[in-house]
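Given chain A, put chain B in place with the hints provided.
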Amino acid sequence: MRLPLLLVDELRGYYRTKAVVLMWIGLPLISILLKWLQPEIEGMDVSVFTALMLTSLGGTLGAVTLGTSIAGDMNQHVYDLFLIRPVKRYEIVISKFLAVYLLLLGVLAVSMVSAIAIDTLVYGTPVNLIVASIQEPLLLTVASMAFACATGTAVGIVMDSVAVAAIASLYLGGQLSSVPFLVAILLFKSGDLLFPLLLAAVAALLTLSLAVVIFGRRQL
Amino acid sequence: MSDRTRKLSADVDETVQKIVEFREVSKWYGKTCALREASFTIERGAILGYIGPNGAGKTTTMRILVGLIKDYSGNVLVSGVDVRNSPEVCQRLLGYLPQGVGFQSWRTVRNVLSTYGRLSGLAPDVLGERTKQVAEAVGLTEYIDRKVSQLSGGTLQKLRLAQALIHEPSLLVLDEPMTGLDPASRYQVKQIIKDVVQKGVTVFLSSHVLSDIEDIATHIAVIDRGTLLRVASPDDLRTEYQLGTTLEVESPQAAKLMTGLDGLPGIEILDMADGVRIQLHVPQGTDLDNVTLTVMSCAVNLGVPIRSLKTLRPSLEEIYLKLIDRRGDAQ
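Residue numbers (this note's numbering), protein chains in the order written: chain A, 241 to 460; chain B, 318 to 648.
Some hints could be false.
[Claimed, not checked] Below, simulated DSS-like cross-link-like pairs (lysine-lysine); rule was C-alpha separation at most 30 Å, straight line:
1. B:K335 / A:K328
2. A:K258 / B:K464
3. B:K627 / A:K328
4. B:K627 / B:K639
5. B:K335 / B:K516
[Said to hold, decoys possible] Simulated coverage check for chain A against chain B, where a stretch passes if three residues somewhere in it have a Cβ under 8 Å from a Cβ of chain B:
6. 249–263
7. 325–336
8. 351–357
Hints listed in this document are in silico derivations from the structure and should not be mistaken for laboratory results. Since the structure is predicted, the reported quantities are computational estimates derived from the model, not experimental observations. Using N, Cα and C, we set each Cβ at its ideal position, and we do this for glycine too.
Only chain B is shown next, with the shape it has when bound in the complex:
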């Protein structure tokens, strides 16, 4: 156990399972409510994906959590410690990647990491080694002596992530970490997040693009216009918001099959992709086995071969849109 960890243990109960706890937290900007009585928890080791449209209140939530916003009502606890009452204790536990944050142009990658490491309380004798480790972990080793003004968008985002990791936080708060990145950089950032989670770090990340977090989040929280709509695991959400099933049929004569299927009861044709795959929507309550049988019978009657037939789970995107729509309708 390092000195830093020992010091931390004196202030914080690291066995508290709920690493983050929001208790009826509200934040107003004048007459605008940015966050309305939000209550949720994040379990240690989880990845909570925080999703909502632009301006929904995601950044406000995160800035409250990391202590950048102090004038709010309710309570926020990190490992059982109140953020407002003991900011320094919480700051040692937290790593934060703010959205679109910049660095002074004269800094080099090494300088960024060592400066923020020192400010986070790392001792000078461990700083060099830790800087090297983090740079290696996020793929910045070759840029270590380069000025930040010379870095590409993807590399700069890795540096933002690296500064959040420099002091070995237990909780990583990432505000839109994939925004503005090309597909390769998105993949790399996701990999880095997965790697830190493997090491026991809890992650709270936001996005307005569900596909960015769908494949890494263990839990999803949906927020819209300051109101937290739902917090659950992706599987629970899928079960709860049964939106029917998508059946995908692959056939070399997909067009012919599609003509045959058109109009059959219980079948709604969604799309044809690549000229060989048809996606069929099976509404909730319709017997999937019957539909499968109908499709196969139709194929046999038409003399059309079927290469594969599989069911696809409803995507979280649909659930998310349904949640947002429902709220819009209610209002």
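One chain only, chain A, in its complex shape:
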């Protein structure tokens, strides 16, 4: 079982990539700036706005990071050197997905802590109110990002060209990550989170399983 080794290795590789550095610093900044520039956004707390924005932006960035890095690695036959060792193909796919997803969760945590701090210190909103109001968007964000990352992983495995993988994962990652969110808005009342969450989780799992199957059969 080489999955823990591969996961640590992928985390080491991804945490310093430009896309992830952009996420670490850029996403909290962007969400705070947007709220600052447009304070009229429905009277929404910074923290709620941040959580919702990360659903789309974070998921898309995660999908693009995965799509381009996997397609690039496959072009360079990087995985040959893994597969001639006691490493299973599914371990490579899952470690890549988990690495980027965990980093996104880290970004989400940093962004949310900053946003809550602003809401509390600048706008004087009590913490318990903030926590109550961000639970739903936060859960949706976590599930949507998983779906977007799984999509990026599948796109990277299917595409031969890095450029095409970038475009496809940008488009699909961005569009699909908001599907559970849209379902929640359009079909369910606030508080009925079970279906959209389940939808996002199942979609992520199915997409990742599909990616594993394709990678397992693909001639590298």
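The following block gives chain B in isolation, referenced to the frame of chain A:
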């Protein structure tokens, strides 16, 4: 004996003389046959040079051997263990340098060696020492903390070789290890291969340039369009494919001598090099002693001094071309 070696001994009979055995192995890509019923063995301690034109099936053979291609017919054994049935056992015995393989640009040389070492099953407590040893063996010590994106082509190739050696494999599979290297780097890579062979490692290396492997291989296998044409030692090939002999005459008045030799029976002038050396082709069946005598008589008659006169063995290149030509003719 290290723990790793002891563990290996439990799974593998390390006394099996045939470290690699291909039994009627075929591989098709759609309607294209990449390898057709290939059968050959590699003896422990040998260096098998695998030669063939681009697209002949060399890489396919090697990828089958290292377990990267699984859907083929026939059987492949490494130290008596079937590659398809026990991939993990074989993976521990094998080191592989794939053609043109890349590394993720964020990695350093140390990270490459330690990562692939860990993935190959090296324990963390021996990893540091082993990384140091391999880096030293292939001349990477001064680059150890450099990113792979900052390495030259030759240094990168040494790193590819080093990752194949990190877990002390018994069999090294090298796919075109000299491709794209300058003469100095080619020489260094050849030296590294010779050094690992000294330590008891068996080597299976491919090239489409015969001169790359001619001076290090103990055996040569020739493949063309998926068909293995011949596997033999270089000496056996030379004996079998007697292509005649080349006689090299060195004289300060080579041009004058060449004029005198031109047209004499049994002599075919091939080339004159440096203005002082003439190469003569003596066809198979012609008495070499008579030809030598003719050349010397001619030189005496013309009053031309001869500095040296030696016979050259036919090069494997000629045999290789003959094999490929023969197949082309047959088809």
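Evaluation of the provided hints:
With a C-alpha separation of about 28 Å, the suggested pair K335 of chain B and K328 of chain A falls inside the 30 Å cut-off, and the hint holds. Simply put, K258 of chain A and K464 of chain B have alpha-carbon atoms about 16 Å apart, close enough for the 30 Å limit, and the pair holds. A threshold of 30 Å between alpha carbons decides the hint, and for K627 of chain B with K328 of chain A the separation of about 58 Å lies outside it, so the pair is violated. For the suggested pair K627 of chain B and K639 of chain B, the alpha carbons sit about 24 Å apart, so the restraint of at most 30 Å is met.
A hinted pair counts as satisfied when its Cα atoms are at most 30 Å apart, and K335 of chain B with K516 of chain B qualifies at roughly 18 Å. For the segment 249–263 of chain A, the stated coverage by chain B holds: 5 residues have a C-beta nearer than 8 Å to a C-beta of that chain, and at least 3 were required. For the segment 325–336 of chain A, the assignment as covered by chain B holds, since 3 residues bring a beta-carbon within under 8 Å of that chain's beta-carbons and 3 suffice. Figure legend: the segment 351–357 of chain A, annotated as covered by chain B; annotation inconsistent (0 residues with Cβ-Cβ distances under 8 Å, at least 3 required).
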